[in-house]
Amino acid sequence: MVRSLNDIRLRDKMLLVFVLAVFIPVVLTNVIFYQITTNNVKNQKLSDINRALDQIRNNILDQIDASVGISSVLYNDAVLMEYLDKEYDSPADYVDNYHTYILHVLEKYSPVYQVIQSVTLYSDNPTLLFGGRVLQITDEVRKQAWYRKLTENASTLPIIEWNHPDFPGLTPNAISVIRSMNDPGGFNQTEKFLKIDLHPEKIADSLRNVTLEGQVYLIEGDRILLSTDPDRASAEPVPFVAPSRSNGSIVLEKDFGNVSYLKGWKIVGEFDERKVLEEVRKSREFVIYMAIPNIVVPTIIIIWFTRSLNNRIIRILKHMKRVKNHSFEPINDKPSADEIGQLTGEFNRMTLQIKSLIQDVYLADIQKKELQLSRNQSQLHALQSQINPHFLFNSLETIRMRSLMKQETETAKMIHNMAKIFRKSLTWGKDWITVKDELDLVECFLEIQKYRFGDKLNYEIRADDEVLKAMIPKMSLQPLVENASIHGIEPLKESGKIIVEIRKVPGGIVYIVQDNGVGIPAEKLEQLLRALDNEEEAYDRVGIRNVFLRLKGYYGDRVDYRVQSTEGEGTEIVIFVEDEPAEDESA
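In UniProt numbering, the protein residues as written are 1 to 587.
None of these hints come from the bench; they were simulated from the model.
Don't take each hint at face value.
Unchecked claim - Using C-beta positions, here's what the derived DEER-type ranges look like:
hint	residue 1	residue 2	range
1	R274	E578	50 to 60 Å
2	R274	D124	55 to 65 Å
3	T434	F23	53 to 63 Å
4	R274	D54	17 to 27 Å
5	R274	R315	26 to 36 Å
6	D54	S90	23 to 33 Å
Said to hold, decoys possible - Heads up, simulated SDA-like pairs for lysine to any residue below, C-alpha to C-alpha not over 20 Å straight-line:
hint	residue 1	residue 2
7	K45	V287
8	K45	E253
9	K45	E278
10	K368	E329
11	K321	Q367
12	K275	Y34
13	K42	Q215
14	K504	V577
15	K436	K368
Source: prediction; values computed, not measured.
Think of the CB as a built atom: it goes at the ideal place given N, C-alpha and C, for glycine as much as any other residue.
The whole structure should be built from the sequences, with the hints applied where relevant.
Encoded structure:
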């Protein structure tokens, strides 16, 4: 084993030490840390979803319980029961009681409980004038399934029913609390029951939760009554089919416990597993970011030590090999106290002694000529590596002309725009150009971007005629337009637009670069504004910052700027340059 290690080069030994002692332990540690972190994040996310579904279930239960409580109050209202069972001698008597008491009792709950849409009484008392809040129990009513369920129910507990849209007198798609108003142990002169309609939009609003990134359903048995999914929203209850886990969906259910009148009802949440585990992916990036310094820092340290050992040993070995070719140059290295430094010093003393013994004018002359020849070849290589900008422009123009000859006008136009951008950006002889030249550069850039993105990018350039000859520092607007294109329009899924506008206003000129892209988040916008106010603060979008710093350097206090951005709506950058004050003629 010792002999095999002695046969391995020193650099390979250091690499082996790095892999076994640094890389593998760091990777294993981060993999274990990632597994623990992702499991914790996943469990926390599922716990948040369960709490949100519990809140939705409790909100709906509170709304239905409030309606059930109102039905109990009306059930125990003896005066109301007396009015409904009474045989009226004339319609006027009933109308008087209806307006003085019945209507007042039935309508007083809707303003207090917004979820209650209407309260209606059904009766078969022939002396009543049916209409308004009191309706007649007809044969069509008795044919309904919920009516049979109500009459077969021996107790006085209410039933909860989803209203069929074709049945007259019921609010379509609403959930109703229906309760018999007959006393099971008493003598009922008439048959009567109570129906409280819940507002379907209020119930649907309870299903919506801003913290849930998925679909929520209110289900009775195996059919969907209400849903946040527009594809499953229907006037008729549709059957609910739970998606399989292979489709990348997570399904959670919450029933209503021991509430008798909501037996078989439940809240079902269906969520995209990729969105639920989005935080897990973020934790993966965090683990990667943590692993990078754990690998990079030891790597830098090992490289540092390796250079201290391996490079100096290789340098000594190379100089020793040169000795057989009559090269006795000493090793130009800083003196060091370690073993390699001592070996270097001894080698230098040995070569100097040998060189002093065989010093020869001929050899010295040959070495001088070889050195001169090597220097000349280096200069020639340096000259050959330079590219003449004119050669670049002429080549682009040749390609453009060949494209025109082949009727590839669009390609020729893009090459022409690219050549103009190269020519303007490489010509730094003058820092000030006209507004017209700057807009020409901006238009060339936007044409190239539109060639890339097609109909996804639209732009508009507007400028007053009187500002076209005004002077402006070179490359003042192009970086702002480039930033709007890359950071504003490119991330959009739909098409976007960039507007460049220059206007002459009293006292100066206004430069506006506007886009309707993704915008800047509020936190990053605040960071950008701080970076613009503080020249020493760093910021990742250096293009915007450099433009304002250059304008500040050229115009001083005569320039002002404003950056406005709303995430999801776009960004607007406004630069105002004050006219240069006229010289005092009396001075």
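So, going through the hints one by one against the coordinates:
no.	hint	result
1	R274 x E578: 50 to 60 Å	53 Å, holds
2	R274 x D124: 55 to 65 Å	57 Å, holds
3	T434 x F23: 53 to 63 Å	58 Å, holds
4	R274 x D54: 17 to 27 Å	24 Å, holds
5	R274 x R315: 26 to 36 Å	55 Å, violated
6	D54 x S90: 23 to 33 Å	55 Å, violated
7	K45 x V287	18 Å, holds
8	K45 x E253	16 Å, holds
9	K45 x E278	10 Å, holds
10	K368 x E329	13 Å, holds
11	K321 x Q367	17 Å, holds
12	K275 x Y34	18 Å, holds
13	K42 x Q215	19 Å, holds
14	K504 x V577	10 Å, holds
15	K436 x K368	59 Å, violated
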